[in-house]
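Engineer: In case you want the letters, here they are:
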Amino acid sequence: MNKIIKDIFSQMDVPGQCRKYNVPLRQCPQFLFLVMGGVIIIVVVVTYLVGIRYDQIDPEIIALIVIGLATVMLVISFIIVRSFEQLAETSRLKTEFVSIVSHQIRSPLTNLKWIVEILMSGILGKTEDKQTEYFKILKENLERMQKLVSELLTVSQIEATKFILKKEEFLMENLVRDLVSEFAPIAKSSNVKIETEFSARLPRVYGDPFQVLQVVENLLYNAIRYIGFAADNSMGGKIPGKVTVKLYPKGEYVYCQVQDNGIGIPKSDQKYIFQKFFRAENVRRYQTSGSGLGLYISKSIIERSGGKMGFLSVEGAGTTFWFRLPVAAKQNSKFASKAQPPAAEKDQNGK
Amino acid sequence: MKNILFIEDEAVMQKAVSEFLGVKGYRVVSALDGEIGISMAQKQSPDLILLDIILPKVDGFDVLKKLKNDPATKSIPVIVLTNLSQMSDISKIMELGVTTYLVKSDQSLQDIAAIVGKTLGDKQN
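Taken in order, these protein sequences are the chains called G and Y. Note that the working numbering numbers the first sequence so that position 186 is 186, with each residue one more than the last. With the second sequence counted from 1, adding 1000 to any position gets you the working numbering.
None of these hints come from the bench; they were simulated from the model. These numbers were taken from a predicted model, which means no experiment stands behind them. For each residue, glycine too, the CB sits at the ideal point set by N, CA and C. Check before you lean on any hint, since a few could be wrong.
[Said to hold, decoys possible] Straight-line distance between alpha carbons at most 20 angstroms, and here's what the computed EDC-like set of lysine to aspartate or glutamate pairs gives:
| # | chain 1 | residue 1 | chain 2 | residue 2 |
| --- | --- | --- | --- | --- |
| 1 | Y | Lys-1024 | G | Glu-117 |
| 2 | G | Lys-126 | Y | Asp-1059 |
| 3 | G | Lys-136 | Y | Glu-1035 |
| 4 | G | Lys-167 | G | Glu-182 |
| 5 | Y | Lys-1015 | G | Asp-178 |
| 6 | G | Lys-167 | Y | Asp-1111 |
| 7 | Y | Lys-1074 | Y | Asp-1059 |
| 8 | Y | Lys-1092 | G | Glu-168 |
| 9 | G | Lys-166 | Y | Asp-1089 |
| 10 | G | Lys-139 | Y | Asp-1111 |
| 11 | Y | Lys-1065 | Y | Glu-1095 |
[Claimed, not checked] Listed next, the stretches of chain G that the computed footprint assigns to chain Y, with coverage defined by at least 3 CB atoms under 8 angstroms from CB atoms of chain Y:
| # | segment |
| --- | --- |
| 12 | 117 to 128 |
| 13 | 262 to 268 |
[To be verified] Covered by chain G, per the in silico footprint, the following chain Y stretches (three or more residues, Cβ under 8 angstroms):
| # | segment |
| --- | --- |
| 14 | 1031 to 1044 |
| 15 | 1102 to 1108 |
Start from the sequences, fold in the hints, and give me the full structure.
Structural biologist: Shown next, in the form of structure tokens:
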């Protein structure tokens, strides 16, 4: 109940809402709606009072009042629509700008990456250990910039609805199993154990395997990292890090869960977790770098594949991210599990 | 020694790829735009073509169409090396009959050399 009251009051903070969109009050849609509502109420009350005061009021007077009111509403509505159009156009221009800049930055970044690779390869002569060390730093930071640019480009494509996914049938099990093997060295160096629990005879799903791979990779990477933060913080002592990856069928979907026993997500941050550029406060404390785009992109990929994504998290105990993908059309429901609905589904649905 | 024609307008990329593939035992000749690229492909009949898409004068799409419609060049394997990564671009290019499509920013020079080697090895088989 308190949350509902709080939400209502936050919506009534009109100046605050207008500041968020960076528009003056006279062009702010929320303010204009309030003005329109106020005008309607005033005119109706005035008409009622006039009607009481003057029993023999001409119908023409009433008609004039109604026409006047309709005209005022039309003008205000026009201003509201124009304000929305301007906001939408600004958003479109920003998306286009990000797309153009990201694309243009890719070439010089690739140039630098390849030049560093030549310098490190020894083709131009042997390099000293110190030189190799600095080239390695250069290479890692170039890869970081490339990843950020790639993410920004993906986000701009998603927003411009140009992000097209391949649609084909594939087995999640093969994809996830290979990925878990690739993560084994990283997990080992972070003192984290990765376990898998795959149901037998998983049906094929429908989606873009390359993009789904990016999603699982992002979730695994986050899971290992959040455990690393917990270990650094010594929350409850040095807890053994564990990540569990589950795959199981349920109804017309195959579910994938990535569960960790890391630092978890603070309750106050949970509703923002799928927003662009958002990074939870406890993560920012331990790692200042990071784009905050991974989960936004992951959720977009899953939803565009006809699936759904969500999570359950308890600060200090860990997080379970889950997503589901539709079973490929030719499969029938014989693979549906009769197990209880997973607890993780009754959770944040990534609003 | 196998010959590779690299059609790419970015001088630094030309230099880096030529240098790296040169060490791997390939002879790389470069063309700075699509028009020169088509002419060189017709005259020299390279063993492989590495092709960028965003090119001055004649873009990569048109270069591909010309090469695939010319009996002298249609059987030369083409590897597209570009920063275009949208599915619509990839589908359009693959339909024109390329051997492989590589996004530059996702590849290292070592990756490119391996794919070139594999392609030429397949051709010899």
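Engineer: If a hint holds in the structure, say so; if it doesn't, say that too.
Structural biologist: Here is how each hint holds up against the structure:
{"no.": "1", "hint": "Y:Lys-1024 to G:Glu-117", "verdict": "holds (14 angstroms)"}
{"no.": "2", "hint": "G:Lys-126 to Y:Asp-1059", "verdict": "violated (39 angstroms)"}
{"no.": "3", "hint": "G:Lys-136 to Y:Glu-1035", "verdict": "violated (39 angstroms)"}
{"no.": "4", "hint": "G:Lys-167 to G:Glu-182", "verdict": "violated (25 angstroms)"}
{"no.": "5", "hint": "Y:Lys-1015 to G:Asp-178", "verdict": "violated (36 angstroms)"}
{"no.": "6", "hint": "G:Lys-167 to Y:Asp-1111", "verdict": "violated (27 angstroms)"}
{"no.": "7", "hint": "Y:Lys-1074 to Y:Asp-1059", "verdict": "holds (17 angstroms)"}
{"no.": "8", "hint": "Y:Lys-1092 to G:Glu-168", "verdict": "holds (18 angstroms)"}
{"no.": "9", "hint": "G:Lys-166 to Y:Asp-1089", "verdict": "holds (12 angstroms)"}
{"no.": "10", "hint": "G:Lys-139 to Y:Asp-1111", "verdict": "holds (16 angstroms)"}
{"no.": "11", "hint": "Y:Lys-1065 to Y:Glu-1095", "verdict": "holds (10 angstroms)"}
{"no.": "12", "hint": "117 to 128", "verdict": "holds (count 4)"}
{"no.": "13", "hint": "262 to 268", "verdict": "violated (count 0)"}
{"no.": "14", "hint": "1031 to 1044", "verdict": "violated (count 0)"}
{"no.": "15", "hint": "1102 to 1108", "verdict": "holds (count 3)"}
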